[in-house]
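Build out the structure end to end from the sequences listed, making use of the hints.
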Amino acid sequence: MYGVVSGHEPDSMEFSTLGGWISTRASGMKKNTYGNIEDIVKSITFVTPKGTFKKLENYWPRISAGPDMNQIILGHEGNLGVITEAIIKVRKVPEAQEYNAILFPNFELGSKFMEEMAQQKLYPSSLRLVDNI
Amino acid sequence: MKGFKPEEMVAASTLIEGPKDIVDMQMKQLIKISKKYGGMAAGRENGIKGYQLTYMIAYIRDFCL
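Chains A and B, in that order, are what the protein sequence lines are.
113 is the number that my numbering gives to position 113 of the first sequence; each next residue is one higher, with no gaps.
For any residue, its number in my numbering is found by taking its place in the second sequence, counting from 1, and adding 133.
For the record, the hints were derived by calculation from the structure and aren't laboratory data.
Treat the hints with care, as some may be off.
Listed next, the in silico DSS-like pairs over lysine-lysine satisfying Cα-Cα at most 27 Å (straight line) [claimed, not checked]:
1. B:Lys169 with A:Lys55
2. B:Lys153 with A:Lys121
3. B:Lys161 with A:Lys31
4. A:Lys121 with B:Lys138
5. B:Lys153 with A:Lys92
6. B:Lys169 with A:Lys92
Laid out in structure tokens, this is it:
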């Protein structure tokens with residue numbers, strides 16, 4: 001409707017939540033293009049027994065001063081509090097989306113291919129090698 | 134399939150998103166590199182199937198929990 005996507009697509013996408021993605025420091029299949037949840041989330045409202053934490057409403061890309069307190073919340077897995085609100089980055093719906101599957105004779109050749117892709121810094125949105133079992 | 138043993142062969146599924154010309158260029162480069170390692174492109178439909186399987190695995194995992 002707004003022509004934007006978050007690009008965050010974990011396997012559990014159909015039954016997981018934004019708060020859950022932050023709590024578990026989630027990764028998505030298209031992280032090469034859009035980033036993991038720690039790259040996507042901008043601001044978190046976090047309710048703890050000692051009070052509510054919210055990073056200053058800042059929308060700049062990064063800040064050099066001090067540690068990033070969002071990093072303490074990311075991956076806390078419910079141990080420290082409850083996430084009640086979060087602001088995330090969105091991007092325009094991509095113009096093109098191409099799928100493919102490449103067959104390799106064996107796993108060794110497949111992993112050599114993966115290595116060369118990484119060495120050349122050619123990062124498709126998603127690239128995964130699976131065996132046939 | 135010629136040169137591919139079903140019990141040994143593997144598949145790399147890929148998805149590339151972005152501006153059309155960049156996506157086309159990346160896919161071309163990916164296929165070129167894959168050929169160096171005996172790779173054979175199996176096409177868009179098989180790539181989509183690979184990703185549908187991923188979402189299914191999430192349900193199996195949820196059931197096991």
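Hints, one by one, checked against the model:
A C-alpha spacing of about 49 Å is found between B:Lys169 and A:Lys55, which places the hinted pair above 27 Å, so the restraint is violated. Annotation: proposed proximity of B:Lys153 to A:Lys121 holds, straight-line Cα distance about 19 Å (limit 27 Å). With a CA separation close to 21 Å, the supplied pair B:Lys161 and A:Lys31 stays within the 27 Å bound. Distance hint between A:Lys121 and B:Lys138 is unfulfilled; the C-alpha atoms sit about 30 Å from each other, more than 27 Å.
For a cut-off of 27 Å, the pair hint linking B:Lys153 to A:Lys92 stands: about 14 Å separates their Cα positions. Proximity of B:Lys169 to A:Lys92 is assessed by CA-CA distance (about 35 Å); at most 27 Å being required, the pair is judged violated.
Going through the hint list in order, the structure does not satisfy hints 1, 4 and 6.
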